[in-house]
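S.K.: Residue numbers (the numbering used here), protein chains in the order written: chain A, 1 to 356; chain B, 1001 to 1494.
Hint data in this document are derived by calculation from the structure and do not stem from the laboratory. Treat the numbers as computed from the prediction; the structure is a model and nothing was measured. It is possible that part of the hints are untrue.
Only part of the chain A face toward chain B is listed, based on derived beta-carbon distances under 7 angstroms [to be verified]:
1. T20
2. A323
3. V330
4. L334
5. V335
6. V337
7. D342
8. D351
Where a beta carbon is used, it is the ideal one built from N, C-alpha and C, also for glycine.
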Amino acid sequence: MTPAESLVRDVHTLLWAGVTPEQADRARERLRTQANPVPTPQAVVRSLGARLPVQVPDQVEPATAAGAEAADMTVLVTGASMPWRLSAAWDGGGPLWVRHTGADVPDRPTVAIVGTRRPTLDGMRLAGRIAAGVAAAGVVVVSGLARGIDQAAHRGALQAGGVTTAVLGTGHGVDYPGGTGVLRRQIAASGGLLSEYAPGRGVRHPHQFVRRNRIIAGLADAVVLIEAGERSGALSTAGAAVGMGREVLVVPASPSNTAAAGALQLLGAGATPVRDAQDVLHLLKIDRPAAAVDTDPTPALPPAAAELLALLGPIPEPLGALAAAAGLSVRAVLVAVSELEDAGLARRHGDGVVRT
Amino acid sequence: MSVGIARSVALVGLEPRQVRVEAHVGQGLPGFTVLGISGAAGSQAGERVRAALAACGQGVGQRKVLVNLAPADVPKVGARFDLAIAVAVLRALEQVPARDDVLLGELTLTGQVRGVPGVLPSILGATRVTVAAGDATEAALARTAELLAVADLREYMAVVNGDLAVRRPPAPVDDPPQPGPDMVDVVGQPEARRAVEVAAAGGHHLLLLGPPGAGKSMLARRVPGLLPPLEDERALQVASVASLVGRFRPGRGLDRRPPFAAPHHTSSAAALLGGGSGLARPGAVSEATSGVLFLDELFEWSPRTLDGLREPMEEGTVRIARAAGTVTYPAEFMLVAAGNLCPCGPARSGCRCRPDVVDRYRARLTGPLADRFDLAPLIEPVPAQALAGPGGDESTATVAARVARARARALTRSPLPNARAAIEVVRRTATPEAVDVLVRAVSRGRLSARGFDRAMRVARTCADLAGTPRIAAEDAHEAVAHRARLDRVWDVAA
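Construct the entire structure; sequences and hints are all you get.
M.R.: Below is the structure:
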């Protein structure tokens, strides 16, 4: 039996026996000795004994029934095959289910980009731009496939032709968050999808997603936070990153932006502020410049539209407030907003207007 | 003994159908039989009339009375033929002279004549009419040449026999109509005010979005006050529908205020569109004809019920088929709807709904439903200090004057408001720049293809409000901005 085969068998032993990752972690902690720092799966299973639903035979065939969705493309990694950053930060970590349909990715600097599931439009755009900038410079972008900032980061990296990896809070083959089938296929072909849960495991407990965050932090050299609310799960990623000695980078936001309140607190606690992909690359000591952002010369605007543009920022401004601030009639504001949208300089968003 | 003839009218929808009542009083097995009216209504009418005649000293005694209502295949509903049956019998008994008046009224057992619903639409176009005294002011609106209103059967006999002068119908109480709610009460909301003004000027459909308590219903209730008073024909149509559903206010003159109907969101399709057993009765869409139909909590309505609005909105009428017959009611309403932005209705504390729930909620506003509206202003939560201060904004009278001017300009092109005018008429007045703006809005996904024509109409109204003969680029921009929340607002992803 080759080392790889024995590895697959080991991990199957755990999963087939119904050991949850949480149980495995606790059992390893208990069984760890000076002589044997990483207990074998068999030892873990034996120690859990009667508490498990299945008695483990000596030989286990690699399971084919486990993966509901394309099990042949889902592999298990553990021990020495774990991403080195992760195993270095998180001893005995794993096992992980990996779905990777693309070519092998050589070892590269990696950045995690995380944030709130309810970002502002500005936050989404920032996430996309920073992800695209670092991905274009060859950095792998890791995130959690959640709505909002996470998905914007994945998409940004993919659009720049870069490599991105997603760590799931569920098992493979579960459509969560809903409607992300295309994105998941793209990521699987890019940097792969990772999960520590067996295929088919749905959302059973919110804790799954918090545990997922430590893997995101463990995979990355640095964690970039864009807009995290005061109780955002992204803050737990930052906490895990600090625990693993990773750099925590925060994109500063306006204090009026409640979606970013937690990120601002982190800045106060000593996180490093970054403005764009260039800043992130600089901190990672990567010299290749980020993709230049093409800046169009502003087209000629009617005076009312120009005046309104000066009032716009990343936070949605209601039309009524704009009319009052600019001293314009509502009709003039509506016309100006549509003109700005037409010129691609502003955008209606939810209950207001933002600058693009 | 001969046959007595009297005339009455049955209603099929709002359409009057002449009914000829023949009464034969002769020898035979005693009885009072009414033919030509289906179900128990016939025998009930017979018993009532028999008692009423006896109460007036004209009892038919031990004779055989046979009454026929012709034509038999016109559906006849209600007790409105009582008076005509009684008069036909009296004519057969030669107690009153023959006349060609149309008789409408229900009889009590003591011979009094009671009012019936739907008098006004029944007698439109008739020349000689006799109705109950209680229906006199309503009947007077029809301007018939000769109107006789009687309180009981004896009075009718006395008048037609020349023993009593014709009673003058009381003049309608011309109380100045209660002033409706005024726009002055609306604090702030500049965007919504402008949208309401544009909608009123062009008859466009309006969707008010915003958190609960910000004043959506308040604004909606002020829309009818901005519309011009109804012309004769329309006011009569509105009064006819009100009469049919029993909402006509007795003793009042012709109400020229545009109607306002606000059915609850649990209403059935029958309540909204019209329906019921036998011949369908008018629903809220018909009560709101020439006025405003207000649907609060739009997203709580069943999609099926709302789907039924599509044909009335396109055709201006609603046609309902039932076993007893098909009726057509007017339904030329301006739709004003209101909805929250998410199921929890975030007040000031921010939304607490899960993103996918919000997505699903807002998905209800896509496609066909969104295509039915032209403007969707956001109603902003009112800051507390603004509530305490004076209103200070424009009054209904000021805005209504501008609306009237814009409508007058639209009238020079087409007899219909911009929302209903032929699209060629509207399109002809657009400058190439304006068309360009709309085309660009479609190409960047801000307007749906179906929204294009609707935006063009709104732009026409904006130009009418500005007093310009052609649609300028500015007007097109404003129309696109008013539609912004309808066509591509809900996709948060950039």
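S.K.: Checking each numbered hint in turn, tell me which of them this model violates, lowest number first.
M.R.: Hint 1 alone not satisfied by this model.
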